[in-house]
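Colleague: Chain by chain, the residues run as shown.
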Amino acid sequence: MNRLTHFAIKNARFTWLIIVALVLGGVSVFLAQPRQEDPEITLRSAQVVTRFPGLSPERIEQLISRPIEDAVKTISEIEKIKSISMTGLSIVAPEVKSQYTDMAPIWADLRNKMEDLKSQLPDGAIGPQVNDDYGRVAVVTLALNGKEFSLSELYSVSKDVRDELNALPLVARVDLFGVQPERIWIEFDPAFMAQFGLDPTEIVNALQRQNVILPGGVVEAAGSNIVIEPSGDFQSVDDIRKVAIDAGDGQTVYLEDLANIRRGYASPPQAPAFYNNQPAIVLGVSMVEKSNVVELGHQVKESLRKINLTLPLGMNLDVAIFQPDLVQESVSNATENLLQTVFVVLVVVMLTLGLRAGIIVGAMVPLTMLATLIGMSIWGIELHRVSIAAIIVALGLLVDNGVVIAEDIKKRFDHGVDRLEAVLATVNTLAIPLLTSSLTTVAAFTPLMLITGGSGEFLISLGQVLSLALLTSWLIAITIVPAFCFWFFPHNVPQDVSTEKNTKDETVEYNLGFYKVYKRGLLFVLRRRVLFVVLMFALLLSSTYVFKFIKQRSLGPSERNQFVVYLDLPAESSMTQTLYVTNRLSRFLIDKEKNPEVMNALAYVGTGGPRFFLSLAPNDAQPNKAFLVVNTERSDQIKQVMAKVERFIIEEIPEASGRADILFLGKSPLGTLELLIKGDDINKLRQLASKVKDAFYEVPGVVSVRNDWENAVLKLSVDVDQERARRAGVTSEEISRTLSAYFDGIQVTTYREGELSIPVSLRASSESRATLDRVRSVEVLSTVHNVPVPLTQVADFYGQVEPSKIKRIDQVRAVTISGKHPEMTSLEFYKLIKSKLDEIQLQDNYSLEVSGEIKDSEDSNKDLFRYAPHALFAILVLLVLQFNSFRRPAIILLTIPLVLIGANYGLLLFRGYFDFTAMLGLFSLAGIIINNGIVLIDRIDQGRDEGLDVDQAIVVAAIERARPIIMTTVTTVVGLIPLALFGGEFWYGMAIVIMCGLGVGSVLTLGFVPVIYSLLFAFRSNKNVEASSNADSLSIGNSV
Amino acid sequence: MRIQVFLIKSFVLSVALICCLAACQKSSDRREEIIPRVKVYTVNSQATGQKRRISGKVNATDKSTLSFGVSGKIIEVLVKKGDTVTQGQLLAKLDEKPFQLIINEARAKLSSNRAELVKAQAAYDRTSRLFKEDAASKKDFDTIIASLAKAKGTVESSKSTLQQFELDFQRTSLIAPFAGKVVDVPIDSFQEIAANGEVIVLQSNDALEIEVRVPETLIREIEYGQVVEVTFPTIKEVSASGVVTSIGAETESGNAFPVVVSLSTNPGDVRPGMTASVTFNFRSYLDDRTAYLIPLSAIAIEAGLAASENTTSTKIKSKNEAPVYVYRSDLKIIELRNLIVGDLQGNEIEVYEGLEPGDQVVSAGVAFLRDGMRAEIWKPRG
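First to last, the sequence lines map onto chains A and B.
Take the first sequence: its letters are residues 150 to 1189, numbered as in the working numbering.
Take the second sequence: its letters are residues 11 to 392, numbered as in the working numbering.
These are computed hints drawn from the structure, not numbers from a lab.
Just so you know, not all the hints are guaranteed correct.
Stated by the list, open to error - The following residues of chain A were derived to be distant from chain B, with all beta-carbon distances above 10 angstroms:
no., residue
1, Asp-219
2, Arg-796
3, Arg-925
4, Val-943
Claimed, not checked - Think about it this way: if two alpha-carbon atoms lie no more than 30 angstroms apart in a straight line, the pair counts; the simulated DSSO-like pairs of lysine-lysine are:
no., chain 1, residue 1, chain 2, residue 2
5, B, Lys-90, A, Lys-793
6, A, Lys-793, B, Lys-342
7, A, Lys-840, A, Lys-980
8, A, Lys-391, B, Lys-67
9, A, Lys-231, A, Lys-840
10, A, Lys-231, A, Lys-1004
11, A, Lys-842, B, Lys-342
12, A, Lys-840, A, Lys-229
13, A, Lys-741, B, Lys-389
14, B, Lys-142, A, Lys-842
15, A, Lys-864, B, Lys-191
16, A, Lys-743, B, Lys-91
17, B, Lys-103, B, Lys-129
18, A, Lys-840, B, Lys-61
19, A, Lys-391, B, Lys-91
20, A, Lys-222, A, Lys-833
21, B, Lys-389, A, Lys-743
22, A, Lys-296, B, Lys-389
23, B, Lys-389, A, Lys-788
24, A, Lys-827, A, Lys-262
25, A, Lys-985, B, Lys-342
26, B, Lys-389, A, Lys-391
As the list claims (entries may be wrong) - Okay, the calculated bits of chain A under chain B, using three or more residues with CB under 8 angstroms as the criterion:
no., segment
27, 425-437
28, 709-723
29, 849-860
This structure is a prediction, so every number in the text was calculated from the model and none was measured.
Think of the CB as a built atom: it goes at the ideal place given N, C-alpha and C, for glycine as much as any other residue.
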């Protein structure tokens, strides 16, 4: 092993070349590395959308959703099938099992199956259409608005902006939101029309037959081809007005005399968007995969500067959300953290080892970092939240190897050993144990790297980066560090070789206050070995008890300075009502007096807008829902603004229920308890849902309790009496067509203007549509008798209650009840109401289970622990390989539980949450803490090899190895302080767990390992222990 | 060495301090309970019965097709379409000459017959004297008597024939029987027209009526003399009241009964031929109950369903129960209450039982409410 070292020292120039190459390579890689906010996760779900206007939710479920679900089930890669059936719409969302990463063949299979299914769906169904592309994240959200401009003007400008941005090399796509399609409305008074003996059909026919562009043929005249074009198609809105309708008796009447013709927009509005309460067109810009989002940010900013110069006065293109800035900030935060950590580590090392050693070991840090960066680039790991945190955690760890090596070399130098010999000897003794400890740490992280699915993809870089860092640090520790020590350590005047003096110096050195205390403590503990073990065990038990008081959650929230607001109106609410309500909320939000912290607010009514945050799926596209994104100046202001918003909704918006949520990483909202009720009968489900809601309300202070099926709605059934209809001479078809033309409007033809195609729609005038009552007065033209027949003559009316939507999970109807409590975690809340929930009687085939955040935690923990036994086994193998013994690995593995003591008490003391990252911290600790044990036991064995008896060897080894163990612990702990203080909520739990777990654990290890070793290997009584402890003779110079 | 130790110790201490500070930063915030505000509707408006609108066409009450009583050739048409005429005005004339000739002939005939009569009378007188002196036979006397009678009869007959022809002559002038407007003149001058052929269509402007077709489901509710409201789709601001003056006994085309509504007043711009919308008001089903109106959005469907354990039928017919949330200002809570409701009126629903004027019913966001919830009234600001 020391041949490598020898090589490095001998070929000094070569070594220097490598070092320079590392530095240059690392820096250039860093600058060019792709960076984004979060790791890319393959979205494993798609949507199958089918429409059948007018069909009730139950019929949609029976006729469309269920057949689609059955067809989807036959695809073996599908894990879960969710579906929603609403009036006229069916959405089936299959999710793929987590082990698959290539989605393309699965979606192709899905498309084929849907194509085959088409013939089995009822006639008139539009679809099924497979949509697998909604996982695109908009990294930049822009809002084009202008008070004095109409939406169609904004739309035409937005198209130019879109083209401009699409031309940028890093931009993948630009989507537009809030576009209102134009319409030409022909609004008639039905009574008037009926008296004329005119049916909407006749107007439709007249318009359609005139507005044609059909070729008129070609005349070949004297050798030239001359094209004939008959006119007729509408060139202007006036042409539509002047269309002549045959009213019978040879009379013609113009359309403008029958109806009001105007140019407007789709009514009701289609998914309007607002920026600071102004109607706007929102542009969502998404990035080409695996590129540098900061670079994209620069390009977009440059492009925006140019675009802004071309915009008409009064029109603004505002930047609402700009991810590149956030990423830039987090990367620079991380770099700051890094520098802070490097500085702190340097200080620690210098304090303990002296200036030179400190600098040498300190130099190792950037070298390892740069080498790791190069490794990351080769392995294809981008810079994002997770890889940056991994680098920070690695910082504290990678120093360890160098510290141990440098410390040992220094000791040998201090004892006057020949420099080259000393260096090689150190490497010889320590290289393998250090490799073992590095490998065991890597092994502890392997379960992480083997998790499948979204969470696996999210966290895999953690394990990858740490492995890279540890292995490169080992390499550098056995090549460059010894070389530096060899070249740069001061040449000591060789000490007097006499053993006595040496011993005295040794004793002097080791008789420092700290060592004295330690030695005394160690001897004390060795005399009461069993008691000590019992004490450790008691501490461990107490820490597991203390765990009860620690708050748990799945993952920390995002650190962005933005939050989202969901506004839900009752299921039957119209878009106009939702718009009105959203407008009030928007006005409140941008009121500078009431909310000075708010910078801007985006509102989407009837859609969820673009996906601007990877794990936040866009809101449902329903007319009764609105979704707002609010940006504040700083992220610490979010909590108070959210509270104000929720208060405003409760007090000032009686028509709706709403909630404000912080952005969360993970599948389910944080702090929200979700319960799932599965069953068959809708009424029974409704009753169960009501009972569950009651259980929620038992806890005072609960907010935002909701049922994801929303409320039942009233439907107006027009029951056509076929007998009366026949006598009157009208048919069901005529009735439906008239009703639909009356209220909804029917599209008659298309008006072409330039590149626009504007649909022309026929509808009753707004006064005629105003009340529910009017339905009875609708008159249908009887083509048989040529008289208008009021609907009451041929039909009866009654109201019918039906669910507004039906949701299914895995082919069973399922209702989700959710709610949250601002002062409790979801788990605490669940425990509070569990007894009430158990009281609810469930019949067979009905079930009540927990889902949402709690289930996600369970699932991700399960994933994590799936490979834990494998990792443990790998560690065991490595240890046995290292020591060729079973007792020694046993001792080392026994030290692992000790980390829990520090971790649990630490979380309690520093008020951290036990979340998924904390769990990860525990896993990493397992790998780190055993390093101490390895180093200690190795030295003990060495001592015994030299002839010392067990207890002597123990004491000697402990004292000798105390300093490096403490140093490595301190560097790791101190290296994580910046992460704990400034790394944000996401990493807080992990930082605390590692810091406290390692800190306390290492101290305990210094006592525990000697004690257990002594228990397992020694047969001495106590007095011999005392006697031998005085002989602190160490013959280090003879070790080979 | 001492300094080193001191430095290490102070370093560790400061680190510990920083961690403590970090822990202290996380303080929990208390939340006060926020009382939601609800939008309420104060009950006051009463249901005035159901309204049904049916459309029909406006006709003039008096509308006649005028014709000459006789055939002839039209020699003069004095009016045209759209003219206003007064009662007694001459409208058209037939060629008089043929009729005059016939009259002359009849007069001549009459004179001749009169002469015959004189002759017969003289013969009678002579024969009568002779018979008295037994100079003439009975047979001759009887013959003379008969001749006299016949001559008398002939004279009468010619007289009446002459009268008839004189009447015919009068009929060659077409006079307006009432004041009004000429709607149609479907003839041309010098056209031969048969008797009773349509010559001029005249309608009076003053009285207007509307004929509507009322479906059999509503016909029973309609009474003679019922007052209705009439609006005109093409004349926005005008509305008038009318009275039902005729109810058909049998259905016409489209299985509906023809009902005629006379307009009490002519609101100026209305002309026959226009479309009219008649609104019938039905009150009888109310009997003597007072029904109040509340917005449809106040009905808490979800609450009603959850409350009932056994909902097999989901149809809500008239005169059914419906739950609403009532705001109790004394207790400052909302209360679920079951009402007996009726039919729809506009966008409101009739309530028969369960509400009093002044009650405050929650009219928005009812899907999110709970029985017994604390609440306050929402007052919209600006």
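Colleague: Is Lys-231/A close enough to Lys-1004/A, meaning Cα to Cα at most 30 angstroms?
Modeller: holds, 17 angstroms
Colleague: Sort out whether Lys-980/A lies within 30 angstroms of Lys-840/A, counting only the CA atoms.
Modeller: holds, 17 angstroms
Colleague: Please work out if Lys-741/A and Lys-389/B have their alpha carbons no farther apart than 30 angstroms.
Modeller: holds, 22 angstroms
Colleague: Is it true that the CA of Lys-142/B sits at most 30 angstroms from the CA of Lys-842/A?
Modeller: violated, 132 angstroms
Colleague: Taking the minimum C-beta separation from Val-943/A to chain B, is that value above 10 angstroms?
Modeller: violated, 8 angstroms
Colleague: Tell me if the straight-line CA distance from Lys-90/B to Lys-793/A falls inside 30 angstroms.
Modeller: It is violated: about 78 angstroms lies between the C-alpha atoms, which goes past 30 angstroms.
Colleague: Quick check: do three or more residues in the segment 709-723 of chain A have a beta carbon closer than 8 angstroms to a beta carbon of chain B?
Modeller: Satisfied; 3 residues make the cut.
Colleague: Straight-line Cα separation of Lys-103/B and Lys-129/B no greater than 30 angstroms?
Modeller: It is violated: about 41 angstroms lies between the C-alpha atoms, which goes past 30 angstroms.
Colleague: Count the residues of the segment 425-437 of chain A with a beta-carbon closer than 8 angstroms to any beta-carbon of chain B: does the count reach three?
Modeller: Violated, because only 0 residues of the segment 425-437 of chain A bring their Cβ atoms closer than 8 angstroms to Cβ atoms of chain B.
Colleague: Hey, Lys-296/A versus Lys-389/B, does the alpha-carbon distance stay inside 30 angstroms?
Modeller: The given pair, whose Cα atoms are some 29 angstroms apart, holds under the 30 angstroms limit.
Colleague: Mind checking the alpha carbons of Lys-842/A and Lys-342/B for me, to see if they're no more than 30 angstroms apart?
Modeller: holds, 22 angstroms
Colleague: Keeping to a limit of 30 angstroms between CA atoms, is the pair of Lys-389/B and Lys-391/A held or broken?
Modeller: violated, 49 angstroms
This entry does not satisfy hints 2, 3, 4, 5, 14, 15, 16, 17, 18, 26, 27, going by the numbered hints stated previously.
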